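Visitor: Listed in order, the protein sequences are those of chains P and V.
Just so we're aligned: 176 in numbering that gives the first Met the number 0 is position 177 of the first sequence, and the numbers increase by one with no gaps anywhere.
Just so we're aligned: 501 in numbering that gives the first Met the number 0 is position 502 of the second sequence, and the numbers increase by one with no gaps anywhere.
Among the clues, some could well be false.
What follows is a set of in silico ranges between Cβ atoms, one per label pair, in the way DEER data are often shown [unchecked claim]:
| id | chain 1 | residue 1 | chain 2 | residue 2 | range |
| --- | --- | --- | --- | --- | --- |
| 1 | V | S233 | P | I42 | 55 to 61 angstroms |
| 2 | V | R231 | P | K39 | 54 to 60 angstroms |
| 3 | V | G321 | P | R64 | 58 to 64 angstroms |
| 4 | P | T114 | V | S536 | 39 to 45 angstroms |
| 5 | V | R220 | P | R486 | 50 to 56 angstroms |
| 6 | P | R64 | V | R323 | 38 to 44 angstroms |
| 7 | V | G297 | P | S234 | 50 to 56 angstroms |
| 8 | V | S233 | P | S234 | 55 to 61 angstroms |
| 9 | P | L179 | V | E254 | 48 to 54 angstroms |
| 10 | P | D30 | V | E254 | 52 to 58 angstroms |
| 11 | P | P473 | V | G188 | 46 to 52 angstroms |
| 12 | V | E254 | P | P29 | 44 to 50 angstroms |
| 13 | P | A27 | V | S536 | 47 to 53 angstroms |
| 14 | V | E254 | P | A382 | 55 to 61 angstroms |
If you want the ones that stay clear, here's a sample from chain P, every Cβ over 10 angstroms from chain V, calculated [said to hold, decoys possible]:
| id | residue |
| --- | --- |
| 15 | A27 |
| 16 | D80 |
| 17 | V253 |
| 18 | G407 |
| 19 | H495 |
Below, a sample of chain V positions facing chain P; criterion: calculated Cβ distance under 10 angstroms [stated by the list, open to error]:
| id | residue |
| --- | --- |
| 20 | L562 |
| 21 | I569 |
| 22 | G574 |
| 23 | S579 |
| 24 | I582 |
| 25 | M585 |
| 26 | K587 |
| 27 | E590 |
Treat the hints as calculated values from the structure; they're not laboratory data.
Note that the structure is a prediction, hence the values are computed from the model and not measured.
In this text, a Cβ means the ideal position worked out from N, Cα and C, and glycines have one as well.
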Amino acid sequence: MKEILLLCLTRFGDLIQTTPLIRGLRKAHPDARITLAVLKNFIGILPLIQGYDRAFVFDKDEAVRKIRCESEPLAAYRHMDEFVTLLEKEEYDLVVNLTCDRMSAYIVSTLKAATVSGITASGGGQRVISGMWGNYLFSVLRGENRKFNRINLVDIFTKMGGVNPDGQAVELHETAAGKLFADRFIEEEGLAGKKLIGIQLGASESVRCWPVKSFAKLSDLLQTETGARTLLFGSTGERGLAEEAMAIMQSTPVNTVGKTGIEELCSLVKRCSLLVTNDTGTMHFAAAGGTPVVMLSVGPAFFRSTGPCSAGNLALQPQLPCSPCRYNFVCQDPVCRSIISVEMAHNACRLLLGETVDLPAAFPDVSVHQSDFGPDGFLEWHALCNEDAEMTELTDRYTNHWKNFLDGEVTLRPEHLTSLSPKLEVLLARGKALTAQIIDATLQVPLPVKRVAALGEQEAAVEAEIRLLGSCDPAMAPLVDFLTLIRENIADNDLHTIARQTHSLYEQGHRLAALL
Amino acid sequence: MMNLWDRNLEALQRRDPALITLVEGCENQEGLSVEMAKNGEPIVKRDGVCLHSSYDPSREAAGWVEKLGYDSAAPLTVLGLGLGYQMKALAEAGFRGAFIEPDPALFSLAMKHLDLTLVLEKFEPLVGIPLDKMRRVHRDLLAGKIAIHAASLSTNRAYLGELAAYANSLVHVRRGGIKILLVNPIYGGSLPAAHHCARTLEEMGHEVLVFTAESFAKGMRFSDNFSQAEHRESFLNEMISFLSRGVELMVREFEPDLVLALAQAPLLNQSLGRLEQMGIPTAFWFVEDYRVLPYWKGVAAGYSYFFTIQQGDFPAELVKSGARHHAYLPPAAAPDIHFPVKLSKAERKEFGSPLSFVGAGYYNRQRFFRGLADYSFKIWGSDWPMTSPLSPFIQRGAARIDTETCVKIFNASVINLNLHSSMHLEGVNPAGDFVNPRTFEIACCSAFQLVDRRSLMAGLFSDEEMETFASMPELRAKIDHFLANPEAGHTIAAKARGRVLTEHTYRARMEELLALMISEFPAIAEKQRHRIDKRKSFLSEMGEHEGMSDLLARLPQGKAVGLDDIFLGIDASQGELSRSEKIFLMLKNIEDLQGVGR
Numbered sequence: 000m001k002e003i004l005l006l007c008l009t010r011f012g013d014l015i016q017t018t019p020l021i022r023g024l025r026k027a028h029p030d031a032r033i034t035l036a037v038l039k040n041f042i043g044i045l046p047l048i049q050g051y052d053r054a055f056v057f058d059k060d061e062a063v064r065k066i067r068c069e070s071e072p073l074a075a076y077r078h079m080d081e082f083v084t085l086l087e088k089e090e091y092d093l094v095v096n097l098t099c100d101r102m103s104a105y106i107v108s109t110l111k112a113a114t115v116s117g118i119t120a121s122g123g124g125q126r127v128i129s130g131m132w133g134n135y136l137f138s139v140l141r142g143e144n145r146k147f148n149r150i151n152l153v154d155i156f157t158k159m160g161g162v163n164p165d166g167q168a169v170e171l172h173e174t175a176a177g178k179l180f181a182d183r184f185i186e187e188e189g190l191a192g193k194k195l196i197g198i199q200l201g202a203s204e205s206v207r208c209w210p211v212k213s214f215a216k217l218s219d220l221l222q223t224e225t226g227a228r229t230l231l232f233g234s235t236g237e238r239g240l241a242e243e244a245m246a247i248m249q250s251t252p253v254n255t256v257g258k259t260g261i262e263e264l265c266s267l268v269k270r271c272s273l274l275v276t277n278d279t280g281t282m283h284f285a286a287a288g289g290t291p292v293v294m295l296s297v298g299p300a301f302f303r304s305t306g307p308c309s310a311g312n313l314a315l316q317p318q319l320p321c322s323p324c325r326y327n328f329v330c331q332d333p334v335c336r337s338i339i340s341v342e343m344a345h346n347a348c349r350l351l352l353g354e355t356v357d358l359p360a361a362f363p364d365v366s367v368h369q370s371d372f373g374p375d376g377f378l379e380w381h382a383l384c385n386e387d388a389e390m391t392e393l394t395d396r397y398t399n400h401w402k403n404f405l406d407g408e409v410t411l412r413p414e415h416l417t418s419l420s421p422k423l424e425v426l427l428a429r430g431k432a433l434t435a436q437i438i439d440a441t442l443q444v445p446l447p448v449k450r451v452a453a454l455g456e457q458e459a460a461v462e463a464e465i466r467l468l469g470s471c472d473p474a475m476a477p478l479v480d481f482l483t484l485i486r487e488n489i490a491d492n493d494l495h496t497i498a499r500q501t502h503s504l505y506e507q508g509h510r511l512a513a514l515l
Numbered sequence: 000m001m002n003l004w005d006r007n008l009e010a011l012q013r014r015d016p017a018l019i020t021l022v023e024g025c026e027n028q029e030g031l032s033v034e035m036a037k038n039g040e041p042i043v044k045r046d047g048v049c050l051h052s053s054y055d056p057s058r059e060a061a062g063w064v065e066k067l068g069y070d071s072a073a074p075l076t077v078l079g080l081g082l083g084y085q086m087k088a089l090a091e092a093g094f095r096g097a098f099i100e101p102d103p104a105l106f107s108l109a110m111k112h113l114d115l116t117l118v119l120e121k122f123e124p125l126v127g128i129p130l131d132k133m134r135r136v137h138r139d140l141l142a143g144k145i146a147i148h149a150a151s152l153s154t155n156r157a158y159l160g161e162l163a164a165y166a167n168s169l170v171h172v173r174r175g176g177i178k179i180l181l182v183n184p185i186y187g188g189s190l191p192a193a194h195h196c197a198r199t200l201e202e203m204g205h206e207v208l209v210f211t212a213e214s215f216a217k218g219m220r221f222s223d224n225f226s227q228a229e230h231r232e233s234f235l236n237e238m239i240s241f242l243s244r245g246v247e248l249m250v251r252e253f254e255p256d257l258v259l260a261l262a263q264a265p266l267l268n269q270s271l272g273r274l275e276q277m278g279i280p281t282a283f284w285f286v287e288d289y290r291v292l293p294y295w296k297g298v299a300a301g302y303s304y305f306f307t308i309q310q311g312d313f314p315a316e317l318v319k320s321g322a323r324h325h326a327y328l329p330p331a332a333a334p335d336i337h338f339p340v341k342l343s344k345a346e347r348k349e350f351g352s353p354l355s356f357v358g359a360g361y362y363n364r365q366r367f368f369r370g371l372a373d374y375s376f377k378i379w380g381s382d383w384p385m386t387s388p389l390s391p392f393i394q395r396g397a398a399r400i401d402t403e404t405c406v407k408i409f410n411a412s413v414i415n416l417n418l419h420s421s422m423h424l425e426g427v428n429p430a431g432d433f434v435n436p437r438t439f440e441i442a443c444c445s446a447f448q449l450v451d452r453r454s455l456m457a458g459l460f461s462d463e464e465m466e467t468f469a470s471m472p473e474l475r476a477k478i479d480h481f482l483a484n485p486e487a488g489h490t491i492a493a494k495a496r497g498r499v500l501t502e503h504t505y506r507a508r509m510e511e512l513l514a515l516m517i518s519e520f521p522a523i524a525e526k527q528r529h530r531i532d533k534r535k536s537f538l539s540e541m542g543e544h545e546g547m548s549d550l551l552a553r554l555p556q557g558k559a560v561g562l563d564d565i566f567l568g569i570d571a572s573q574g575e576l577s578r579s580e581k582i583f584l585m586l587k588n589i590e591d592l593q594g595v596g597r
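Chain P on its own, in the form it takes in the complex (with noise of 0.2 angstroms):
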């Protein structure tokens, strides 16, 4: 491979979690080029990045800025045309779109590209996932379908670029003026020598934060009992949770709220024991930092998916059966945020901090885990306490069999586990027999329409009954739903081909019902 571009439109965290693919890549491909196509608004993170060649900036508060300016329609055009021409002028030999927006599709869909990875579009404009992977992250990452994903985003990420996981974090470099930056606010504000705990009290949106009191709370529970230093971390837009927070705490922490650069955050986080965090970007600096997490995932945050990718952190979940919530909903009673109590958090830091913990008595309501690497070289998260067994026993099966599934690998269901649906068995072998037909068919001449007719109407209440069973049973969901995906996916006006395709989607399906 000599060319590949990574459409990363996406923000800081999505950004690092990126990292290890860059690795992966690198090493697989150690000459070809790597491109990176990020947003104007992140590129603070690039100079940390390691491992690409050049990066391809897009402003896109600027392309709003035009969008808004009636008066002048085709400025809005000009920007994104300009973005566009930078990015056709070279023919990739991979492209992986790692953003899930339309505006991401309909780029990729102008760019020459020998394999694409990821959410592009037809000609016609309809939304197309390239690779199983992609695939995998636009059907079972979704709404309810996250309960039965334990593979890590970054690990997706990984495998959307054709790189195997390789046992290690996500990665980012200190540079000079962030490690100067660190030393002397250190220096500066007496913190040399002593245990510090950082405290990231905002997240992108409200619904994923913790309660500012409770944070409040657990800086004097952790300042006076530790003896530790609570540093607060944040943006400039969070300077008012800051100062909301500071208000109601007895021990002064140190604030940082606003006062950090993307390089500065990352050295300074780096330089703590310990960081307690909402789903975060700031999580994802501490996992590339090596400093260990407490994960605070509340709302629609969900550690297996999006949880720090680093060995050693803990995440603390709501055992609700609403938790992980969907994304967008509006939620009247979050009691997600308080379940997790102040007590709690502060003894996951104990525990992080080499302390003993009575378990699971510590943590009533709340489930504990613990990352770490398989031999795969995946994230793994171990339960330390209140696991269901029955879920992981389910989502174990699962995600073995998807990834050997999602590898293209054939494996057979161990003989003492009977099929998670066999109705669903019986349904995929049956959409299988007819599209074998209708290939059949199809290669008559003339073409028998009638017959082609009625088996395609046959074939019609297979699938919208497969669609049923993944409405009825949660658990077929994910299966269902990443079907359906590679079904929508079929952009052809060839009925043999169509009928090939859908005839191979079935016996995808079949396959993996089959090794479940």
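Dock chain V against chain P, hints included.
Guide: Chain V only, in chain P's frame:
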């Protein structure tokens, strides 16, 4: 051998016999004098100003035609006749069309002094027609190719100057792309008119945003919960004030070129003042009887332009109340709503009747219609007392009748009665002036009606198009006549429909309203031109982008172009997307995700 006058009269007889009486009766030629030019040709002076060259008027006219540089194939309308030299030159050069001369005396003088036979063969004489009628009736001519006789213009700016400005504005109106915020009333009879206006303006290619004040009707009715009148009034005033502020906010967002409000629209003077400060002219179409609803006095000064359905004393009253610009704009019909329909047998049975009336049970109607109790009569509409001598005729328990049903009733009835409402008279209002919308609606359905006599009717329909009555005996006589001769009614109704379609549609009214607004507020046309220029630069610049020309071809023609137009064009397209379309879709995705407010 015939003299010049007789030859011209003969030519006029062929072209427009109705004008003969007019020119023959022109004794008063005050201010006009005929003299000889140096070359011996007659010339005319108006108030001492010579309308032609005092050396060689024929040569001057030939030079004028040459300077025009127009192609003679397209019809041409000339404003101002003078003594007719330029018309003669045009006719000899092969032009055809019409000429407009407000002064019949001048036309009469020209007939006496110049051979106009070729002119009258090639050009339609539009002589002595009042300005408002000229605007209403001859819109198409005025929007076409125009030539102005400058000397005539200089001596009659009040008519020809206004008409020239109007014609120029009409061209802008027909180009489309004017941004209009339409403020609907909360409820009442003007609400359907507002809906017709919105639909029509959009059909004309303008960009219309409607402030749907009717959404708050339920809120206004909440005032019924207050038992004390002052509380009710206070609540309603606050509601109106709140809505008026809402209109201002919408103006800030939409940035219209003008605001059009219909009678009863919730717009207060404070808001109107602020809109004026923002440079946005406001128009008010007061489709009400000014004698019955006097609230117009309070807002007359607030609006930039006041449009009325009445003439007479009203214009002077308006000026007294501070109105700056005003014009007569009668009601109209919507041919897409009011049209002849074929009814089923069942529908004919349900809605049909020898005699019918659709409308609310105002006092004069309740009293007057008692005199028709011996006819087979159906009365449709609300507010009719069910305990009265008329109760056997009242349909559907005096329920409100929707527009679709109205159209069926008009079509199914042999005679549709139309009596303008009054809250205190016993029957026909002898001083009734304006013509109600129902007159136009029934006519547009090609349905026959008998309508009470109105002083403004003659300017809108001819006697052959509309049958009127002024008393019960006259009405009864006409009912009997037309029930016995339904074909005569059909003939009249067909003519009335023809008149409505050419002169009394909402499109005609909106064209006139907008053209008058532009004549008075040229900034409207400036803004429109600016957007159209943007479109042109857009088109020329983007030609080289792959797929752009196809995309642009799908855009609404003659309109300014915004991103929304382009997005819509893409949504409507089929097949493979071009690169340009994909780039616009990228922007649309950004817009959708960011909720970009524009």
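Visitor: Work down the list of hints and note, for each, if the structure agrees.
Guide: Hints and how they fare:
As the Cβ distance of V:S233 to P:I42 is approximately 58 angstroms, the hint placing it in 55 to 61 angstroms holds. A beta carbon spacing of about 57 angstroms between V:R231 and P:K39 agrees with the range 54 to 60 angstroms that was offered as a hint. Roughly 43 angstroms separates the CB atoms of V:G321 and P:R64, a value that falls outside the hinted 58 to 64 angstroms. Hint check: P:T114 to V:S536, Cβ distance near 41 angstroms, so the stated range 39 to 45 angstroms holds.
Remark: the range hint 50 to 56 angstroms for V:R220 to P:R486 is upheld by a beta-carbon distance near 52 angstroms. At about 39 angstroms, the beta-carbon gap between P:R64 and V:R323 stays in the expected band of 38 to 44 angstroms. Between V:G297 and P:S234 the CB atoms are about 54 angstroms apart, so this pair conforms to the stated range of 50 to 56 angstroms. A beta carbon spacing of about 49 angstroms between V:S233 and P:S234 contradicts the range 55 to 61 angstroms that was offered as a hint.
Our hint of 48 to 54 angstroms for P:L179 and V:E254 holds, since their Cβ atoms are close to 51 angstroms apart. Distance hint check: the CB atoms of P:D30 and V:E254 are about 56 angstroms apart, consistent with the given range 52 to 58 angstroms. Distance hint check: the CB atoms of P:P473 and V:G188 are about 58 angstroms apart, inconsistent with the given range 46 to 52 angstroms. Roughly 57 angstroms separates the CB atoms of V:E254 and P:P29, a value that falls outside the hinted 44 to 50 angstroms.
Distance hint check: the CB atoms of P:A27 and V:S536 are about 50 angstroms apart, consistent with the given range 47 to 53 angstroms. A beta carbon spacing of about 60 angstroms between V:E254 and P:A382 agrees with the range 55 to 61 angstroms that was offered as a hint. Listed as a non-interface residue, P:A27 keeps its Cβ farther than 10 angstroms from every Cβ of chain V; the least gap is roughly 31 angstroms. With 10 angstroms as the threshold on Cβ separation, the claim that P:D80 sits away from chain V is violated: the shortest Cβ distance comes to roughly 6 angstroms.
Once the 10 angstroms rule is applied to beta carbons, P:V253 is consistent with being away from chain V; the minimum gap is 35 angstroms. Every CB of chain V lies more than 10 angstroms from the CB of P:G407, the least distance being 31 angstroms, so the non-interface label holds. Every CB of chain V is more than 10 angstroms from the CB of P:H495 (nearest about 21 angstroms), matching its label as outside the interface. Contact between V:L562 and chain P, as hinted, is supported at the beta carbon level, the nearest pair being about 5 angstroms apart and thus within 10 angstroms.
Proximity of V:I569 to chain P holds as hinted, the smallest CB-CB distance being about 8 angstroms (cut-off 10 angstroms). For V:G574, the suggested interface contact is upheld, since its CB lies about 6 angstroms from the closest CB of chain P, less than 10 angstroms. Taking 10 angstroms as the C-beta contact cut-off toward chain P, the hint placing V:S579 at the interface holds, the least distance being around 8 angstroms. Interface hint at V:I582: satisfied, since its Cβ lies 5 angstroms from the closest Cβ of chain P, which is below the 10 angstroms cut-off.
Taking 10 angstroms as the C-beta cut-off, the interface hint given for V:M585 holds, the closest approach to chain P being about 5 angstroms. Interface hint at V:K587: satisfied, since its Cβ lies 8 angstroms from the closest Cβ of chain P, which is below the 10 angstroms cut-off. Interface hint status for V:E590: upheld, as the beta-carbon distance to the closest one in chain P is roughly 5 angstroms, under 10 angstroms.
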